[in-house]
Amino acid sequence: MYKYDHVDQKIVDERVEQYQNQLNRFLSKKLTAEEFRPLRLQNGLYIQRHAPMLRVAIPYGLLSSRQLIKLADISDKYDRGYGHFSTRQNIQFNWPKLEDTPLILKELAQVEMHAIQTSGNCIRNITTDQFAGVAEDEIIDPRYIAEILRQWSTFHPEFALLPRKFKIAVTGSKKDRALVQAHDIGLEFFINKDKEMAIKVWVGGGLGRTPVIGSVIKAELKWEHVLTYCEAILRVYNLYGRRDNMYKARIKILVKALGIDAFKELVEDEWKYIKDGPNTIDQQELTRIKAFFTEPDYKINIKSNLEKNKNEKAFNQWLSRCTHDHKKNGYRAVTFSLKSTGSAPGDATSSQMKAVAQLANEYSFGEIRVSHEQNLILADVEENELYNLWTKAKEFHLVTPNIGLLTDIICCPGGDFCSLANAKSIPISQSIQEQFNDMDYLHDIGDLNLNISGCMNACGHHHVGHIGILGVDKDGSEWYQVTLGGNQGNFASIGKVIGPSFSAEEMPVIIKKIIEVYVEKRNEEELFIDCVERLGIDPFKKKIYVQENIKI
Amino acid sequence: MSSQLIIDKEIANDTWVIVELPKIEQVIKMQAGKVVAFKLTGEEYPTSEQIKNTKFPTSGKIILPMKVFMLHQESLKDRLAKSEIGIWLLTHEEIHSNIKKLGNLNCFPLISIFVEKFADGRVFSIGSQLRNKYKFKNELRAFGDVLRDQLFFLKRSGFNSYLIRKDRDAKDAIQGLDDFTNPYQGASDIEQPAWKRNKR
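Sequence lines, in order, name chains A and B. The C-terminal position of the first sequence is numbered 601 in the working numbering, with every residue numbered one higher than the one before it. The C-terminal position of the second sequence is numbered 201 in the working numbering, with every residue numbered one higher than the one before it.
With the rest of the complex left out, here is chain A (with noise of 0.2 Å):
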């Protein structure tokens, strides 16, 4: 993984210095609170109902297990004990002080780690595949070129004070595991006709209130254009971007106010002026940095053992759900599920933490990766310590063989903790997998996701899930609407509202009845979301509404 030189290292701690500086600055009452917002922000410091919330950048979701081990330190000497991991790869700390949010930032500065654009109007962490580097299908991996954009736009001077927050997303494989569509900008590597990486570039897709798949604005862009191409399209979204809304201000209004067209023509011209400019990326520096992203030392010749433990049924589902193909012979990826029942989505102890990055130094080469499913992942363990790891994992509730099922719940920290929220998520998601918690149906009902959001901002990716459930408020009590038929990945769709919205106790019923709906009318093998794709929603409105005599 990227390692910091001088250059890095300096910029980080003097992003601390700056930082305490301003928090001074504001305790002692010389910015205002409104002054003081947008810089707090912008080091990932949120005011939440109970305490601040501090979010620390996990750049594209890829941790060392000397990282991992100081974020359970932390977690430890100023949180409660867990940390929050989060659908942008990065993980929150709920209950730290104010005036030890310097001290973190120093601390986590030692381990080449920050907060900075973590929240605020600005370019967020650049996200990614958690199986970038690994997985089978992959074509380029996208990591280095994710290292070379966390770069540059690192206090990218320009775009400090955008009309809204932007995030990009990169994918480098067959299938996109990154929702590139589902981002302001989103980069597809590729291999063109010359056999040379190239670049396909969605713009103006994104969640939140308004749901929107992205537009191809750049069918193939060479690589070494690919910092001034984002930059020429970031100028015009700064520029001509709705700054009196801010439910209208993200990129995606604008492309769909001037159609993508005139957005284009806007783009390339001012493109024209930085293209081969200095921010154009040489052969070098594309080699220096995908340098620290070359191969660890795999083994050859891993004999399998796994048929040795043929007969343990709870290792099987394990193996099946948990571990993922890999492009090494003898060797998988494992995810740890952070979706047991009766824990929160997303939260991991400073145990289970420490857990993780003690498997991940045995198993494989010290790495971790972070899932915007909200999960652990280890990348590269050899086959035939599968079951040795599975049994240390499972002293610490890391081997729920939950993964791509209905109870893999993504869910962002809702109305518990955040104070955007109209609803909660956390309970929800909580009743659901209790009532789910056979994992032999789970396993019959197969490959779904279930996603939560406990407001439009949509954290908890609510339109993609094939459920998607979003926390609405209506006269001050809390409430919950169901959508159906959402997906992620290539074939991204948004799914479809199937009517009014219910309370927090019916919930667990409402998904008992889909499911119910979708076990009776399948075809043989077939998945929730294709069922749904189908047969439309009106068979699953008939069963929740008609049959409780509610009107539709």
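Accuracy of the hints is not assured; some may be wrong.
[Stated by the list, open to error] Straight-line C-alpha distance at most 27 Å; calculated BS3-like pairs for lysine-lysine: (1) Lys321/A to Lys136/B; (2) Lys200/B to Lys59/A; (3) Lys102/B to Lys321/A; (4) Lys197/B to Lys339/A; (5) Lys118/B to Lys214/A; (6) Lys271/A to Lys200/B; (7) Lys59/A to Lys10/B; (8) Lys200/B to Lys52/A; (9) Lys200/B to Lys155/A; (10) Lys197/B to Lys59/A; (11) Lys79/A to Lys10/B; (12) Lys197/B to Lys271/A; (13) Lys267/A to Lys134/B; (14) Lys321/A to Lys138/B; (15) Lys313/A to Lys101/B; (16) Lys197/B to Lys321/A.
If you are wondering where the hints come from, they were derived from the structure by calculation, not from laboratory data. The structure presented is a predicted model; accordingly, all values stated were derived computationally and were not measured.
For this one, chain A is given, so just place chain B on it according to the hints.
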């Protein structure tokens, strides 16, 4: 009170007089993006009335609203030649659509951008366009809600002159110019990115 103006890295005396637009009652959505501003209000801002009614001194160095300058462009020729005329823009005003009439921007010894609100980052892109697209070489100034924590970004976006908001200490603000010593990306002040400037 000492001067609120910083030029490059020093407190400097302000030798210019800013000419303001006459106030109008109507609420104009200046924070709307350029594309939607007109659609939302149906009004140009500044209005043609405001432009027409703007009074300005007949001698000395003055900074005129861009549109006011354009209205009096002919009669200001001599003063412009004497380097007495600068212009200022609102962040939603376009140089692009006025550049033909304005001509070579380097005839202005100073261009100034009014920042209505701290969070209005359009000022940075305007600076960057002025320096890189329009090759403006002279003094580029930000005024209005200009505070310490914008200065580093303003400097990197091509500004070299900052009129700090009246209630703040300009000497304190100067320190903001040096928040970071070796930035990653190439921009208007340091054109080459870190990987070309440093041995990495």
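With a cut-off of 27 Å on the C-alpha distance, tell me whether Lys197/B and Lys59/A pass.
-> Holds, because 17 Å separates the two Cα atoms, which is no more than 27 Å.
Please work out if Lys197/B and Lys321/A have their alpha carbons no farther apart than 27 Å.
-> Given that 27 Å is the threshold and the Cα spacing comes to 22 Å, the pair holds.
Are the Cα atoms of Lys59/A and Lys10/B separated by 27 Å or less?
-> At roughly 22 Å apart (the allowed maximum being 27 Å), Lys10/B and Lys59/A satisfy the hint.
For the pair supplied as a hint, Lys200/B and Lys52/A, confirm whether the alpha-carbon distance does not exceed 27 Å.
-> Satisfied, since the Cα-Cα distance of roughly 15 Å is no more than 27 Å.
Below or equal to 27 Å on CA atoms is what counts here, so check Lys267/A against Lys134/B.
-> With Cα atoms ~22 Å apart, Lys267/A and Lys134/B stay inside 27 Å; holds.
If you draw a straight line from the CA of Lys200/B to the CA of Lys59/A, is it 27 Å or shorter?
-> 14 Å, holds
Pair hint outcome, Lys118/B versus Lys214/A [Cα-Cα no greater than 27 Å] = This hinted pair holds, its Cα atoms lying about 17 Å apart.
Given the hint that Lys200/B pairs with Lys155/A, test it: the Cα-Cα distance must not exceed 27 Å.
-> Roughly 26 Å between the alpha carbons, so the hint for Lys200/B and Lys155/A holds.
Does Lys197/B pair with Lys339/A here, judged by a C-alpha cut-off of 27 Å?
-> 17 Å, holds
Quick one, are Lys271/A and Lys200/B close enough, alpha carbons at most 27 Å?
-> 26 Å, holds
Between Lys102/B and Lys321/A, is the straight-line Cα distance small enough, at 27 Å or below?
-> 22 Å, holds
Pair hint Lys79/A and Lys10/B, alpha-carbon separation not exceeding 27 Å | 22 Å, holds
No hint from the list above goes unmet by this structure.
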